[in-house]
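Chains as they are written, first to last, in the numbering used here: chain A, 1 to 280; chain B, 1001 to 1119; chain C, 2001 to 2518.
FYI, nobody ran anything at the bench for these hints, they're computed from the structure.
Glycine residues also receive a C-beta, built at the ideal position from the N, C-alpha and C atoms.
One should not assume that every hint holds.
To be verified - Stretch-level coverage of chain B by chain A, calculated; a stretch enters the list once three of its residues show a Cβ under 8 Å from a Cβ in chain A:
hint: 1; segment: 1007-1019
hint: 2; segment: 1050-1062
hint: 3; segment: 1069-1078
hint: 4; segment: 1081-1089
hint: 5; segment: 1093-1106
Stated by the list, open to error - Okay, derived cross-link-like pairs now, DSS-like style, lysine-lysine, Cα gap no bigger than 27 Å in a straight line:
hint: 6; chain 1: A; residue 1: Lys2; chain 2: B; residue 2: Lys1029
hint: 7; chain 1: B; residue 1: Lys1105; chain 2: A; residue 2: Lys107
hint: 8; chain 1: B; residue 1: Lys1024; chain 2: B; residue 2: Lys1111
Given next are the chains, with one letter for each unit.
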Amino acid sequence: MKLGSLLSLVLILGFLFVAVLRLHPVGQPLGHPGVMKDRGSAVTDTANIFTMDDYYIRNGQAETGSNNIVASVVFDYRGFDTLGEATVLFLVVSSISMLMYTILKQKKIKKDHFFKIYNFPTDISRIISFGPYLLYPIIIIFGAYLVAHGHLSPGGGFQGGAVMASGTALLLISSLFTIHIQRVRRVFSFFESLGLAIYIGLGFAGIGTSFLHNFLAQGNPLFLGRAIPFGPNPGYLNSAGLLPLLSLAIGIEVFFGISVILVTMYHVAMDGDIKDAQES
Amino acid sequence: MTNFFLYITVVLLLFFGVATLLFKRNLIKIVIALNILESGVNLFFITLAFKNDATAPIFTLAPDLAELKMVLPTPQALILTNIVIGFATSALMLAFAVLVYRNNKTLDIRKLKGIEIHD
Amino acid sequence: MTDNFPVLIIALPLLVAFILPIVSRAGVKPRNILVFLVILAVNIMLLSLVPEVMIRGKILYSVIGSADPARVVPEGLTFPVRIVLRVDGFSLFMALLSGFFSLVCFIFSLRFIPEHGRKNYYVLLFLLMMTGMLGLEFTNDLFNFFVFLEILSISGAALVSYRTDRSHPPYAGYKYLLVSTIATSFFLLGVALCYAQYGSLNMEYIHRFMNHTLLDRMALVFMLAALAMKAGAAPMHMWVPDTYSEAPAPVTAMLVISSQASLYGLFRICFTLFGNPISRDTINYHTLGWIIIIMGVLSMFVGVTMALVQHDVKRLMAFHSVSQTGYLLMGIGVGVAVYTLNDGGAAYNSYGRVAMAGGIFHIMNYSISKGLLFLTAGVMFRRFGTCDLDRMTGMAHRDTVTTAVFIIGALAISGIPPFNAFSSKLLLYESVYRFSPVLSIIAMFVSVLTLASFTKVFYSAFLGPCRSDILVDEEPLPAGMIAGMTIMAAAIIVTGFLPSHTLNLLVDPAISGLVTIF
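Construct the complete structure from the given sequences, taking the supplied hints into account.
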């Protein structure tokens, strides 16, 4: 067994080395030299567009109206992949809820208070017990800023949602207020399903042309359809059509989904039946 | 050629991920090995996206370039998806590990080999 | 409206799945009715695509998110820039199978899984598993394929460990998810190598410009190994017995068809991505074919010999699954090995195409028979409370319907006329004999051992005295379970008595969708 593992490891290492030596140097345009040259090109506005990425960089801003090309690729050109990824997150949240269902039902819910600001427990240091009150609003605002400006600067639904979820993790670590677990989980799952339903509802809204069509992009500036001139600009919030709305839906889904995972695992691990597992 | 160390890092990450996977016995360490493996794949995508003397593909307050030299946006979108999928998979595997520990009081795959026959 | 069907088939179950947690609060009956209606709607939409794609041979393309969904390459460009869905004969063949399986297994699991708070999640994961399969089969984009493969794997792994009160299912789920994640990570590495060469992720575009360099061959190896690992071919078959035996019976049937979906991916990569024998330096199809054949023969042998010594009926059937996957790999491997233009396509047209027809037909026959057998194993588990063959006896006295469908399924999968696997195995034997006689003899020998193992199961579980002291559940079976099993048995009988019609309607368009050169 050990010999077979070592042999396969050496084989994989050699394989990867050979592959890496044959790749193009880092920083050069990618592609096999024979392929990228003689497959035809399209001449548009005095530039040759050879690959998909050239098209995204040149026409992405005009077609989708967003300054952030990565956001336009994530939400507009490859929006179906993003839908699949959001589905994976939703899937995992449901799976963890399913797996921990019987354990959570057996635990006694401490019918406790939500906020007891005045009773600082003495075995936790002051930073951990009071810090979250200072940090949590800042974290939430920062995450919401990332979500809202996804089409203008690096950010978007996933990044902002993950930052906001770290706020929930902070609250759980400080364990200052005991959360009534079942109620919070139910509210959070509802909002998570709501976020995803908004995403796919927006996808179906443009079904006259096609699924997930960015039908607000070149429209009314009041409905996020401001036309953007090509080149650098200071960034306008009411641009990019459907992208800020999709970003918002994903941000809601990611924040509440990851919070459900954190709250569920925290409650499974807390004051539990692990005490009677003495040996490993 | 000076950036070749990026490819070396990718190869090393993949190698260590697979090596940890094959030689470690704890369930949690196997999850960590999978994370290392996925980090290697993500780094590979990002290395493909890089271009010398290029800026981020964002037009807000961008420096005025004579020719539009920007890094490729597609691999960045791809690894965004991959990172979320990797996180989700690790979360689910850790939940499985919690249940396995509750039922069998051990996390060692050698000791868990004997529980093949169920009831 | 039919132009939107490929996207609707994937997007409609997703929409219902996202609102299902809210609908489940309204009660059990609304949830069941809603999910049943959605699966039925998906099947009707799939059937409505059959005249256009299968009979008239048209290939449907659908570009997601563009202003003109039917136009793959936008104006002024020479490459596609968005995600493209492609429905051709082979995709629709696999999608019809997936839809059929989802419907039958859902009807079966309505009463098989007892009502519990967890069952809401079961139905949700079931719906997402079906969506993952359908998305995988319709897409023409490599990264989209990866995403749907992940959806399929994760929902499968979660459903495998549905019975969390027992000690082994979570560990089986962990192992299945571990193998899936390793496989999909290496698949993504192959996709990255392809992207590094061609700058695009569209399968047809890469097919047109495929240069067969060393890096492309490495990408092929990574992708092939990953998908063979997901399909349960030897030597990567270790996860199959544990996973198939710990999952509830309808989930095992869905796992069977999801392994076939991984095989679909394998054949797509071999033919649609790399199948371009008209360029100058191409990969050696003979070697590639022989590698696939070796994997197939190994699976056949390992599967059936391990199946003979098992005491647990589900583990026996799972090892048997590995062996039948070997048949498929052998058939398609023969097709790949003669897929070359050196002799003007003579070998391919004479027996290579027949081998591929046998292989693809066998996908359908094997899946339906195996699914039926796993459902009967579920009935056995419900009756006796255990899956151990030594503790079962005398089921034929009480459950005549189950006995009849078990006989149909077992005879079908062993290749006995007049059932459907007889036709597909005959096609395989004849064409593989022309290629290499040794393989054909091995295949026939494995078939005999298959019959032997199922005779053993029949003798232990069904024949014998009827003892009521070992029975756990004595009530008659619910209508849903009986309906599910009889629908599958009816499908076996229909395709068995009309093999040429099935071949003309379903299998030939599948081959022409897959192999576009000859």
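Going through the hints against the structure:
no.: 1; hint: 1007-1019; in the structure: holds (count 8)
no.: 2; hint: 1050-1062; in the structure: holds (count 10)
no.: 3; hint: 1069-1078; in the structure: holds (count 7)
no.: 4; hint: 1081-1089; in the structure: holds (count 5)
no.: 5; hint: 1093-1106; in the structure: holds (count 9)
no.: 6; hint: Lys2/A x Lys1029/B; in the structure: holds, 18 Å
no.: 7; hint: Lys1105/B x Lys107/A; in the structure: holds, 19 Å
no.: 8; hint: Lys1024/B x Lys1111/B; in the structure: holds, 13 Å
Hint compliance for this structure: every hint is met.
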